[in-house]
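A.B. asks: If you want the building blocks of each chain, they are given just below.
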Amino acid sequence: MSKNRENKYFGEFGGQYVAESLMNTLEELERAFDEAISDPNFINEYMYYLKEYVGRETPLYYAKRLSEKYGATIYLKREDLNHTGAHKINNVIGQILLAKRMGKTKIIAETGAGQHGVATATGAALFNMECTIYMGTEDIERQKLNVFRMQMLGATVSPVKTGSATLKDATNEAIRTWAERAEDTFYVLGSAVGPYPYPKIVKEFQRIISTETKRQILEKEGKLPDAVVACVGGGSNSIGMFADFIDEKDVDLIGVEAGGLGIETGKHASAMALGQVGVLHGMKTYLLQDDDGNIQLAHSISAGLDYPGVGPEHAYLRDTKRATYVSITDKECMDALMELCRLEGIIPAIESAHAMAYVFKMAQNEYKGKIIVMCLSGRGDKDVDTVAKYMNGEETNK
Amino acid sequence: MNRIDEKMRVLKDTGKKAFITYTTAGLPDMETTEKIMFAQEEAGIDVMEIGVPFSDPVADGPVIQDASYEAILNGATLEKIFELMKNVRSKGLKTPVVFMMYYNTVYHYGLEQFVKQCVACGVDGVIIPDLPYEEQSELQSYIEKTKDATILLQLISPVSKDRIPELVKDAKGFVYCISQMGVTGGTADFHKNIREYLTHVKEVSPVPVMMGFGIKTPKDIESVRDIIDGAIVGSHFIKLLRSSNYSMDVVKKYIKEFKETM
Numbered sequence: 185m186s187k188n189r190e191n192k193y194f195g196e197f198g199g200q201y202v203a204e205s206l207m208n209t210l211e212e213l214e215r216a217f218d219e220a221i222s223d224p225n226f227i228n229e230y231m232y233y234l235k236e237y238v239g240r241e242t243p244l245y246y247a248k249r250l251s252e253k254y255g256a257t258i259y260l261k262r263e264d265l266n267h268t269g270a271h272k273i274n275n276v277i278g279q280i281l282l283a284k285r286m287g288k289t290k291i292i293a294e295t296g297a298g299q300h301g302v303a304t305a306t307g308a309a310l311f312n313m314e315c316t317i318y319m320g321t322e323d324i325e326r327q328k329l330n331v332f333r334m335q336m337l338g339a340t341v342s343p344v345k346t347g348s349a350t351l352k353d354a355t356n357e358a359i360r361t362w363a364e365r366a367e368d369t370f371y372v373l374g375s376a377v378g379p380y381p382y383p384k385i386v387k388e389f390q391r392i393i394s395t396e397t398k399r400q401i402l403e404k405e406g407k408l409p410d411a412v413v414a415c416v417g418g419g420s421n422s423i424g425m426f427a428d429f430i431d432e433k434d435v436d437l438i439g440v441e442a443g444g445l446g447i448e449t450g451k452h453a454s455a456m457a458l459g460q461v462g463v464l465h466g467m468k469t470y471l472l473q474d475d476d477g478n479i480q481l482a483h484s485i486s487a488g489l490d491y492p493g494v495g496p497e498h499a500y501l502r503d504t505k506r507a508t509y510v511s512i513t514d515k516e517c518m519d520a521l522m523e524l525c526r527l528e529g530i531i532p533a534i535e536s537a538h539a540m541a542y543v544f545k546m547a548q549n550e551y552k553g554k555i556i557v558m559c560l561s562g563r564g565d566k567d568v569d570t571v572a573k574y575m576n577g578e579e580t581n582k
Numbered sequence: 008m009n010r011i012d013e014k015m016r017v018l019k020d021t022g023k024k025a026f027i028t029y030t031t032a033g034l035p036d037m038e039t040t041e042k043i044m045f046a047q048e049e050a051g052i053d054v055m056e057i058g059v060p061f062s063d064p065v066a067d068g069p070v071i072q073d074a075s076y077e078a079i080l081n082g083a084t085l086e087k088i089f090e091l092m093k094n095v096r097s098k099g100l101k102t103p104v105v106f107m108m109y110y111n112t113v114y115h116y117g118l119e120q121f122v123k124q125c126v127a128c129g130v131d132g133v134i135i136p137d138l139p140y141e142e143q144s145e146l147q148s149y150i151e152k153t154k155d156a157t158i159l160l161q162l163i164s165p166v167s168k169d170r171i172p173e174l175v176k177d178a179k180g181f182v183y184c185i186s187q188m189g190v191t192g193g194t195a196d197f198h199k200n201i202r203e204y205l206t207h208v209k210e211v212s213p214v215p216v217m218m219g220f221g222i223k224t225p226k227d228i229e230s231v232r233d234i235i236d237g238a239i240v241g242s243h244f245i246k247l248l249r250s251s252n253y254s255m256d257v258v259k260k261y262i263k264e265f266k267e268t269m
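Sequence order for the protein chains is E and C.
Following the numbering used here, the numbering of the first sequence begins with 185 at its first residue and continues without gaps.
Following the numbering used here, the numbering of the second sequence begins with 8 at its first residue and continues without gaps.
Careful: at least some of the hints might be erroneous.
[What the hints assert, rightly or not] In the EDC-like style, the derived pairs of lysine to aspartate or glutamate whose C-alpha atoms are separated by at most 20 Å in a straight line are:
| # | chain 1 | residue 1 | chain 2 | residue 2 |
| --- | --- | --- | --- | --- |
| 1 | E | Lys554 | E | Glu241 |
| 2 | C | Lys168 | E | Glu367 |
| 3 | C | Lys168 | E | Glu211 |
| 4 | C | Lys226 | C | Asp196 |
| 5 | C | Lys168 | E | Glu364 |
| 6 | C | Lys93 | E | Asp476 |
| 7 | C | Lys199 | E | Asp476 |
| 8 | C | Lys87 | E | Asp475 |
| 9 | E | Lys345 | C | Glu77 |
Everything labelled a hint here was simulated from the structure, so no lab data went into it.
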């Protein structure tokens, strides 16, 4: 049994709060991952698929019109241009290659907005794995197009009706299934959450975002950016965007959570806003919870940020003040989304538009004239229905 | 002496096996839970597991998930369940009671305060399925500091394998062997190496070995009866309560019959 509990933590956050039946599975996973990540053959294969299949590297695009209007030098890391339309595929390729290496034949995953589900279904088709995606019925309703995509790719979409019927409940169901079938089934976790080593695995497979960004910004500007910004649900695109900048102390790291209707209304998805620590989905981290310690429903117009917790490393970066976390409301986000459409001809995912909205605030204030790099984590095609409803003044979520 | 230890001693002396049932507190309300507890004691149950409902019960199947959800909607909270415990103990309930709950509920309540309240309210043991051995030290440190404290019971799974000796080394009360992979409420389709696994646990465990998950009738445990010291029934017991509209006669009859056949 592993004695070094501390190295499974980020400060006081993280750990392995799972059923006894999964403890050997996690140890097997950690061992396999550590071996893979230091094996040049594995890395070469991963990089091959990222280049030839995903289409990396993605551009670091200088948003000229936004920069002129808002007063800072704004760069967008175009993860929306990846195959399947978001950063999620980076991690999926890595985890499925790892699953194959471990001899697993089936994969399962949870999904909120459907982006991770589509990416996983895509990877499953590519690598010939049997695939089941757990998705809350509330999200299935909000993201019909992605549900159909997953089915086209040959995955089974298993509707989850329990609890709030969103991402947290889909994650519960994936964990239950995994606990039952870990022998032949690999759980492809999509966000930087879950029991250790998942937060580490997701970070390493998303690190490519910041590795490329750092090289690109040095080529274009000859120096590092003043700030790096990304949206945070569970925190996968943001941890990937932060990874190679964490040790660059002059670069400010800013995570943008979903403020829903406003923190003061209680209807939001900003796990860090209230600073309550708890245990969910195998990790100790900041969580939205009520007075009795039950997990509270998150609220956001964005299905991908609609999660009551946050990855443990983000909790640690917040506490050590290395990164700052802020929130953006549904309205601010939708205004920014339209702005990006009209000024740059880019329809972003609603998730990414949260980061955009905060970049506009920064550019007009303390970062005026400075260099801001933002992770444009996904494209907005999947959200067109939600945007239409929002613009017609209809209810976009419950 | 902790009520669980006392009960285990009596069972051992009389050569009997333990029968343990699970009910979700507050299903359908606290008054009924109290009645169920006394009916169980009357019928001769050895240990009662009381489920403290949580919003995200990842170790549970549909029956207990629904029971938890309903109990929460009906206002069941840890504080109220402690009150229930105080109440039943003051009315003379003697049977050992074990809380089955998730770690966030304990953590949110405060570890020190939780351990104190367990002692004050007569909670003899705690089972926390999402708190594996490696994560227990924080809670154990408070338990160790407290006189006559509640016992943190150890769960063991069919794939624990080389972990088993370490898990049971300092085990108190009894150990809870899960019969199969996955969540509560399945069928009696036990793990393929069930006998080998239970025998291993039995050989190294300093305390009695109970088995749960997927058990409905005494017939279900026939194949392992010679190894284990007792059986735990959860989801099936909740189904029985619901389908009989919480008939105390049905509760008593089920427990008596199970105990006699064992």
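A.B. asks: Flag every earlier hint the structure violates by its number, smallest first.
C.D. replies: 1, 7
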